[in-house]
Amino acid sequence: MSQAAALDHGLHVEPAESPLTPESWGKLGMWLFLAGDAMSFGGLIVGYAALRMGTEACTGVLAPPACWPTPSTILGVPFTAVMTFLLICSSVTMVKALEAISHDDRAGLRKFLGLTILGGACFLGMQAREWTHLLTHVMTLTSKGLFGSTFFVLTGFHGFHVFSGVVYLSCIRGNAEAYSAENHNAVEIVGLYWHFVDLVWILIFTFVYLV
Amino acid sequence: MATEAHDHPNYMAIFWWLLGLTIAELAVAYMPMPKSLMIAGLVSLAVAKATLVAMYFMHLKFERRTLGLIALTPPILLMMFVVITYPDTAWRFVSGLAGH
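Protein chains in written order, with my numbering: chain D, 145 to 355; chain A, 1417 to 1516.
If we strip away everything but chain A, and leave its shape as in the complex, we get:
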């Protein structure tokens, strides 16, 4: 069975991006800044790295769109999971909500 011909992405360029984003993550983690800004920065950088690995190394960018939907389903479900559990945990110490 013949494999489709397609352009290979520049894998080494992706490697340098991943390295750069990792160094950026370490910088954000160690720089003095408000906690919420640090978390937002780290989450964005982690998602960027994960997207690069999925799209280029796992070849998702060149696959059929529906395969991308299969790959996208767990992150969507997990974000729902976070939103659903957030009120139970993060607001635990707010008076009036914690229960008796």
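With the rest of the complex left out, here is chain D:
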């Protein structure tokens, strides 16, 4: 029976709920977007792995582009470890922000979202510092064989996600007055995006910097 016909008969028709996330269609939408985004990042990371596995490692006798340099000899691993720590902390503050608004604490929401944005912005600043150092002293998009291009494309794509996340978080924080214990799906959804960005960085840090 169509909805119009049902209403004509005075029957109550339940509104359609998101099948997997009953409280929010937006949450399901974000999960589906993240699954697609994971394929994008995954394609880049697997591409990096395939290209690296197909090239001999530099052992001192050979030089790029005949060989693939060991990343820890070119990249600053301790500096990047601090960046990783920063992003993990920002994930914690994000989760604290959600906890705050689920208890109707709007001030707490603003505080913890602010800290999350600060963490993201500091990460971007550190990434900019790292890129500047690399581009002026070490390698460009086309140097060190394919390592240059794969490194800058992968970290650049991720950095763009962090930048977008910082903008997105700022919009949500600007709208903090609209959220409450009963209505904070938007905060949970931005949290999903931010944790995904952190998760991808965990994988990039491991596969590009450490391996």
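If you are wondering where the hints come from, they were derived from the structure by calculation, not from laboratory data.
Bear in mind that the values here come from a model prediction, so they are computed numbers and not experimental data.
Backbone N, C-alpha and C fix where the C-beta goes; we use that ideal spot for every residue, glycine too.
Treat each hint with caution, since some may be false.
[To be verified] Rough simulated footprint, nothing fancy, chain A against chain D, three-plus residues with beta-carbon under 8 angstroms:
#1 173 to 182
#2 208 to 218
#3 221 to 232
#4 238 to 246
#5 338 to 344
Here the structure of chain D is known, so what remains is to put chain A in place on it, guided by the hints.
Positioned in the frame of chain D, the structure of chain A alone reads:
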């Protein structure tokens, strides 16, 4: 619309685990060991960290199972991708397979 009541996980405990696993990764990366063992160690630690973030921070542990299947699909597809491309790249220098 009322939100479901559920236990909040101990977020700070998850943070300490993530910190500890990151330090362990750095230790594995810098310790002298066979390359294959190092890679196995780093991959396991990275997967453990990613799982913690997904299950607790992204709340997957408390969601419906089918949502977990959506989240699990990309890693499965990507592992297939790795297996499929491996023969083309990693065996490139084995004589007889590299082509003319």
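Here is how each hint holds up against the structure:
Coverage of the segment 173 to 182 of chain D by chain A holds in this model, with 5 residues showing a Cβ closer than 8 angstroms to a Cβ of that chain against a need of three. Evaluation of the coverage hint for the segment 208 to 218 of chain D: breached, as 1 residues show C-beta separations to chain A shorter than 8 angstroms, against a requirement of three. Remark: the segment 221 to 232 of chain D is confirmed as covered by chain A, as 5 of its residues place a Cβ nearer than 8 angstroms to a Cβ of that chain, reaching the required three. Proximity of the segment 238 to 246 of chain D to chain A, defined as three or more residues with a beta carbon under 8 angstroms from a beta carbon of that chain, is established by the 5 residues found.
Coverage of a stretch by a chain is defined here by at least three residues with a beta carbon nearer than 8 angstroms to that chain's beta carbons; for the segment 338 to 344 of chain D and chain A the count is 4, and the condition holds.
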